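Letter by letter, the chains look like this.
2 protein chains.
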Amino acid sequence: MTVSINYETFLTKDPLDNYEDEAKYTKEWLPKVEKYRKDLADAIPKEYTTQLPQPIDQLIHDQFNAVDYLYKEKLLTPEEFAITDLSTVDLVGKIASGELTSVEVFKAYAHRAILAHQFTNCAQQIFIDEGLKQAEERDAYFKKHGKTVGPLHGVPISLKEQMNYAGKITHGGYVSKIVHIPENHGVSTGILEKLGAVFYVRTSQPQTLMHLDSGNSFTGFSKCPFNLLLSSGGSSSGEGSIVGFGGSAIGVGSDIGGSIRAPAAYSGCHGFRPTTRRISTKGGISSGAGQESVPAVVGPLARSIEDLDLWMKAYINEGKPWEHDAWAIPLPWREVGAPKISDLTIAVIRDDGLVRVTPPIRRGLDEVVNKLKQAGAKIIEFDPPNTKLAYDTVNKLYDCDGNYMQRKLLAESGEPLQKLTKWNLNYGDGAKEYTVSENRKLNVIRDQLRDEYNQYFIENKVDFILSPTYNNVAPHSAEVYNWSYTALWNILDLPTLAFQTGLYQDPTIDKWTEEELNYKYRSPLEQLENENYHEEQFIGAPIALQLTGRRYFDEEVVAAGKSIVDILGVDLFKH
Amino acid sequence: MTVSINYETFLTKDPLDNYEDEAKYTKEWLPKVEKYRKDLADAIPKEYTTQLPQPIDQLIHDQFNAVDYLYKEKLLTPEEFAITDLSTVDLVGKIASGELTSVEVFKAYAHRAILAHQFTNCAQQIFIDEGLKQAEERDAYFKKHGKTVGPLHGVPISLKEQMNYAGKITHGGYVSKIVHIPENHGVSTGILEKLGAVFYVRTSQPQTLMHLDSGNSFTGFSKCPFNLLLSSGGSSSGEGSIVGFGGSAIGVGSDIGGSIRAPAAYSGCHGFRPTTRRISTKGGISSGAGQESVPAVVGPLARSIEDLDLWMKAYINEGKPWEHDAWAIPLPWREVGAPKISDLTIAVIRDDGLVRVTPPIRRGLDEVVNKLKQAGAKIIEFDPPNTKLAYDTVNKLYDCDGNYMQRKLLAESGEPLQKLTKWNLNYGDGAKEYTVSENRKLNVIRDQLRDEYNQYFIENKVDFILSPTYNNVAPHSAEVYNWSYTALWNILDLPTLAFQTGLYQDPTIDKWTEEELNYKYRSPLEQLENENYHEEQFIGAPIALQLTGRRYFDEEVVAAGKSIVDILGVDLFKH
Numbered sequence: 001m002t003v004s005i006n007y008e009t010f011l012t013k014d015p016l017d018n019y020e021d022e023a024k025y026t027k028e029w030l031p032k033v034e035k036y037r038k039d040l041a042d043a044i045p046k047e048y049t050t051q052l053p054q055p056i057d058q059l060i061h062d063q064f065n066a067v068d069y070l071y072k073e074k075l076l077t078p079e080e081f082a083i084t085d086l087s088t089v090d091l092v093g094k095i096a097s098g099e100l101t102s103v104e105v106f107k108a109y110a111h112r113a114i115l116a117h118q119f120t121n122c123a124q125q126i127f128i129d130e131g132l133k134q135a136e137e138r139d140a141y142f143k144k145h146g147k148t149v150g151p152l153h154g155v156p157i158s159l160k161e162q163m164n165y166a167g168k169i170t171h172g173g174y175v176s177k178i179v180h181i182p183e184n185h186g187v188s189t190g191i192l193e194k195l196g197a198v199f200y201v202r203t204s205q206p207q208t209l210m211h212l213d214s215g216n217s218f219t220g221f222s223k224c225p226f227n228l229l230l231s232s233g234g235s236s237s238g239e240g241s242i243v244g245f246g247g248s249a250i251g252v253g254s255d256i257g258g259s260i261r262a263p264a265a266y267s268g269c270h271g272f273r274p275t276t277r278r279i280s281t282k283g284g285i286s287s288g289a290g291q292e293s294v295p296a297v298v299g300p301l302a303r304s305i306e307d308l309d310l311w312m313k314a315y316i317n318e319g320k321p322w323e324h325d326a327w328a329i330p331l332p333w334r335e336v337g338a339p340k341i342s343d344l345t346i347a348v349i350r351d352d353g354l355v356r357v358t359p360p361i362r363r364g365l366d367e368v369v370n371k372l373k374q375a376g377a378k379i380i381e382f383d384p385p386n387t388k389l390a391y392d393t394v395n396k397l398y399d400c401d402g403n404y405m406q407r408k409l410l411a412e413s414g415e416p417l418q419k420l421t422k423w424n425l426n427y428g429d430g431a432k433e434y435t436v437s438e439n440r441k442l443n444v445i446r447d448q449l450r451d452e453y454n455q456y457f458i459e460n461k462v463d464f465i466l467s468p469t470y471n472n473v474a475p476h477s478a479e480v481y482n483w484s485y486t487a488l489w490n491i492l493d494l495p496t497l498a499f500q501t502g503l504y505q506d507p508t509i510d511k512w513t514e515e516e517l518n519y520k521y522r523s524p525l526e527q528l529e530n531e532n533y534h535e536e537q538f539i540g541a542p543i544a545l546q547l548t549g550r551r552y553f554d555e556e557v558v559a560a561g562k563s564i565v566d567i568l569g570v571d572l573f574k575h
Numbered sequence: 001m002t003v004s005i006n007y008e009t010f011l012t013k014d015p016l017d018n019y020e021d022e023a024k025y026t027k028e029w030l031p032k033v034e035k036y037r038k039d040l041a042d043a044i045p046k047e048y049t050t051q052l053p054q055p056i057d058q059l060i061h062d063q064f065n066a067v068d069y070l071y072k073e074k075l076l077t078p079e080e081f082a083i084t085d086l087s088t089v090d091l092v093g094k095i096a097s098g099e100l101t102s103v104e105v106f107k108a109y110a111h112r113a114i115l116a117h118q119f120t121n122c123a124q125q126i127f128i129d130e131g132l133k134q135a136e137e138r139d140a141y142f143k144k145h146g147k148t149v150g151p152l153h154g155v156p157i158s159l160k161e162q163m164n165y166a167g168k169i170t171h172g173g174y175v176s177k178i179v180h181i182p183e184n185h186g187v188s189t190g191i192l193e194k195l196g197a198v199f200y201v202r203t204s205q206p207q208t209l210m211h212l213d214s215g216n217s218f219t220g221f222s223k224c225p226f227n228l229l230l231s232s233g234g235s236s237s238g239e240g241s242i243v244g245f246g247g248s249a250i251g252v253g254s255d256i257g258g259s260i261r262a263p264a265a266y267s268g269c270h271g272f273r274p275t276t277r278r279i280s281t282k283g284g285i286s287s288g289a290g291q292e293s294v295p296a297v298v299g300p301l302a303r304s305i306e307d308l309d310l311w312m313k314a315y316i317n318e319g320k321p322w323e324h325d326a327w328a329i330p331l332p333w334r335e336v337g338a339p340k341i342s343d344l345t346i347a348v349i350r351d352d353g354l355v356r357v358t359p360p361i362r363r364g365l366d367e368v369v370n371k372l373k374q375a376g377a378k379i380i381e382f383d384p385p386n387t388k389l390a391y392d393t394v395n396k397l398y399d400c401d402g403n404y405m406q407r408k409l410l411a412e413s414g415e416p417l418q419k420l421t422k423w424n425l426n427y428g429d430g431a432k433e434y435t436v437s438e439n440r441k442l443n444v445i446r447d448q449l450r451d452e453y454n455q456y457f458i459e460n461k462v463d464f465i466l467s468p469t470y471n472n473v474a475p476h477s478a479e480v481y482n483w484s485y486t487a488l489w490n491i492l493d494l495p496t497l498a499f500q501t502g503l504y505q506d507p508t509i510d511k512w513t514e515e516e517l518n519y520k521y522r523s524p525l526e527q528l529e530n531e532n533y534h535e536e537q538f539i540g541a542p543i544a545l546q547l548t549g550r551r552y553f554d555e556e557v558v559a560a561g562k563s564i565v566d567i568l569g570v571d572l573f574k575h
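Here the protein sequences line up with chains A and B, keeping their order. Letter 554 of the first sequence, counting from 1, is numbered 554 in the UniProt record's numbering, and no numbers are missing. Letter 284 of the second sequence, counting from 1, is numbered 284 in the UniProt record's numbering, and no numbers are missing.
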């Protein structure tokens with residue numbers, strides 16, 4: 001019961017002029033990074049690896065589909081496939097009934113996770129032995145007590161590296177934090193462990209955590225398992241890869257501008273960004289400590305919507321985060337049945353007025369809207385208001401400390417800056433630090449936007465808003481410049497599901513039309529993003545959309561997402 | 001559906017060097033203020049007034065007890081007493097059964113409100129005719145439909161002036177805002193009206209809203225009805241007076257540092273400060289727009305705890321503030337029964353380490369603790385940690401815009417500064433505006449404090465914390481310097497009830513002991529506050545305490561408050 005802050009020095013700021021320092025980095029930090037990489041390589045159990053059909057660079061160049069390959073070449077045993085292609089809802093049922101042991105579940109997932117890492121470069125730390133020991137303990141408990149330790153008993157869960165893990169380096173994408181070894185788990189990690197989860201892999205994120213991509217100084221880039229040329233997204237980069245590939249039952253990511261939804265969308269799984277203060281973010285690395293204008297949230301990625309629901313319900317109702325983090329609201333997860341599509345009114349955003357979507361996303365929207373209409377949904381075309389104001393404001397709010405904390409954490413090691421770090425450090429007003437008055441005024445604008453969208457829902461009796469997750473399918477690595485489609489829901493703090501449509505990019509049909517090619521761009525950002533799309537370079541990329549509901553009506557969003565995915569016939573466990 | 005802000009000019013700050021300007025104020029603003037005062041005087045129906053037994057200045061000097069006088073001299077008819085001394089729970093029952101009409105209820109309260117104003121100077125605006133018309137409409141509705149319009153049908157409710165009221169000046173204690181006439185009600189006013197409330201009086205608050213006292217340029221000071229020499233408290237100053245006197249069934253105040261609890265405590269009623277985001281604060285005057293480090297909350301004052309519960313339940317469950325204000329959380333008000341005292345573990349703060357309490361407060365704590373122990377409660381003596389850090393931090397957080405917005409609103413009229421305005425403008429770091437980084441660091445400290453106290457509850461299985469509301473009973477006007485006892489619960493954002501103990505200052509027993517007189521002060525603030533206490537100057541002042549619970553466990557606090565008040569035998573409707 002102590003607060004260990006020296007109040008006076010805490011408010012004193014270091015000067016910060018230069019934050020890239022090759023000499024310092026090479027001498028003081030690179031050896032630590034190299035050790036970290038070696039530890040990662042050494043932690044890979046040989047027996048779970050496969051001989052890649054080509055060197056990885058060639059596979060990347062060839063837009064290799066690792067998921068297809070996994071099934072075609074039967075890289076797992078039939079039993080391992082059977083286990084890792086169960087929904088987690090079914091998995092916990094079979095464990096609880098004694099039909100499956102935690103150890104056999106764990107081994108199957110561990111095998112698939114190692115394959116995921118070989119193809120997608122998703123991991124930061126792997127600790128199969130520790131996970132196996134945890135699984136054995138779960139089995140011992142079950143044997144002794146005849147019941148599970150909790151609703152996630154024996155579920156192999158992957159964690160974004162940013163989350164504090166007791167006794168393990170936790171760097172959050174900053175080399176300077178390679179010396180940070182927390183004594184205790186972060187709150188969410190601790191809760192999941194108590195609920196019975198088994199941990200074995202911590203996954204990659206970009207430098208600064210502020211890209212919708214994956215590049216970092218530790219391990220480079222993570223990749224989309226359906227096309228290795230493409231980005232896995234970010235900042236929960238490795239979570240997208242590993243869950244999309246099926247290497248963990250449920251992944252845990254965090255999202256301040258799209259960082260759960262982009263990787264889920266790009267990498268071929270579903271991801272849910274809850275409303276703030278339902279899931280604890282306490283205990284982890286971030287440049288945003290004390291930033292509460294647009295708080296980050298923690299949330300799950302999975303291959304089925306009911307698994308997202310299971311995770312949310314177990315975490316909130318049995319994990320009671322408010323007993324560990326005063327920030328969390330004691331708002332129980334409500335059971336709401338999956339609605340009938342014909343009872344729903346859904347507003348559709350086809351364009352946010354900032355960056356036009358590419359042909360596969362356009363097709364995805366068309367097909368989903370058509371199926372929703374066929375199923376009886378009322379569809380309203382929605383031209384979202386003030387998106388430019390919202391996007392400018394959210395970027396200023398992220399960075400209105402003049403990116404001070406990011407620059408400080410970068411400067412400490414002098415690590416080389418990723419291209420997208422440089423891009424992001426120029427967001428907001430770059431290194432210009434705002435005053436409190438300016439921050440407050442931005443908050444007022446944010447609140448007006450929140451009320452405006454809230455009133456849109458209420459006045460038009462709209463249940464949900466359907467929108468693109470991004471203006472494109474998974475982009476090429478280090479080429480993700482726009483996050484207007486995801487960050488809109490962060491500044492509005494609305495619960496949002498990124499869900500797979502079951503459609504994949506097809507170069508034979510997903511082409512710009514002649515008319516689209518003659519389009520007059522509304523901004524350099526739009527031009528940059530749109531000109532990056534050439535249909536032959538995005539083969540097989542998953543097509544995902546977002547479903548957004550009213551603030552704190554998270555349960556309804558997840559439930560409706562299930563209904564929608566069901567009528568679309570999406571089943572990510574089938575190949 | 002528009003956001004009417006020019007984004008660029010909104011971030012441009014006016015220079016602000018001097019904010020008191022006698023010439024400008026006298027010429028441009030004073031005539032408006034005088035018109036405002038005249039309108040208030042003209043709005044008082046003669047038939048509801050009484051002949052004061054002495055000029056008001058003499059009554060103030062004589063520490064006149066207006067509540068005693070009201071009963072002794074029978075200033076109301078027996079029927080009016082019967083109505084205005086019903087709990088609101090009973091009142092709405094009798095209206096709903098047809099036993100009482102809204103009009104007869106209204107007239108009785110209007111009469112008592114006018115008397116309250118004569119003695120305590122509680123009102124800013126009075127509009128009996130409009131209230132009567134509203135009451136008549138309620139009766140007409142009831143007659144036509146055979147049911148009430150809502151759970152507060154016909155309840156005369158007083159409103160802190162700060163809250164936007166459609167078509168009426170809403171100044172929030174700033175002369176410069178005398179030109180502000182909102183088109184619409186603020187959200188909470190609108191909700192209460194829809195629930196059936198009847199409005200007829202808007203009440204006083206101090207200049208800047210940032211005193212626990214009442215002094216403003218419009219009407220001067222409001223007074224404690226039990227001793228007119230003393231302050232009614234603030235910033236919901238007039239709400240304390242009018243509810244304490246029984247001139248409204250339920251009052252609505254707001255609280256950022258004690259502004260519901262201090263006036264309730266000083267003026268002889270109960271007041272509840274809910275956790276943030278349960279009751280809407282949208283639509284009103286404040287210097288804190290966009291300040292979300294320590295947000296203000298709106299909450300009720302009443303003469304019984306069950307009336308506070310009624311108001312909270314009706315407002316939240318039927319008012320659904322989240323449909324009108326995206327800031328509000330859709331967290332329903334739960335029905336929790338009043339607990340048995342013997343089931344409770346209560347931690348007691350007798351001293352916060354900053355300012356020693358005066359003899360009547362010491363006696364109140366002793367007596368309440370003894371009765372709780374007799375009733376079987378487990379009592380833990382609690383020395384609250386880090387109160388200095390908490391108090392410094394909360395004062396910095398209020399004022400970390402360098403008081404820019406307060407100074408701006410003052411400078412526009414050049415109105416003379418109240419003594420406590422000058423005091424408050426030097427809080428935090430005065431006119432020094434913080435950077436965003438500094439604000440964020442203060443937020444981090446705040447969150448650590450919140451976790452520390454949250455863990456105290458959890459680890460010690462403490463249900464509630466009992467503490468003084470202030471280091472003294474109601475102080476003399478313009479002599480309220482310390483708010484450490486109330487503001488602690490604001491920075492921690494814990495739901496807190498200020499409740500009457502049924503005890504009143506008694507100059508024959510509430511004296512400093514010899515030992516206490518030889519006390520060595522821990523700070524000039526403590527000395528200033530303690531030296532202001534002379535037992536003969538606080539005769540009959542109500543003795544109130546606070547009960548605090550865990551964040552968002554508002555229902556439990558109110559329910560336990562009822563149990564405690566019951567064993568204390570407090571009945572504020574009886575005289």
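The reader is advised that the hints may include incorrect statements.
Repeated chains share a single entry, so a pair holds when one copy, or any two copies, can fit it.
[To be verified] Taking lysine to aspartate or glutamate pairs in the EDC-like style, the calculated list, with each CA pair at most 20 angstroms apart, reads:
(1) LYS194 / GLU130
(2) LYS168 / GLU515
(3) LYS282 / ASP447
(4) LYS320 / ASP68
Hints listed in this document are in silico derivations from the structure and should not be mistaken for laboratory results. Owing to the predicted nature of the structure, the values given are computational and were not obtained by experimental measurement.
Hints and how they fare:
Taking identical chains as interchangeable, the C-alpha atoms of LYS194 and GLU130 lie at most 20 angstroms apart only when both belong to the same chain, with a minimum of 16 angstroms there against 60 angstroms between chains. In the homo-oligomer, the alpha carbons of LYS168 and GLU515 never lie at most 20 angstroms apart, since the shortest distance is 54 angstroms inside one protomer and 56 angstroms across protomers. Proximity of LYS282 and ASP447 under a CA criterion of 20 angstroms is satisfied inter-copy only: 10 angstroms between copies versus 24 angstroms inside one chain copy. In this assembly of identical chains, LYS320 and ASP68 lie within 20 angstroms of each other by CA distance neither inside one copy nor across copies; the values are 40 angstroms within and 50 angstroms between.
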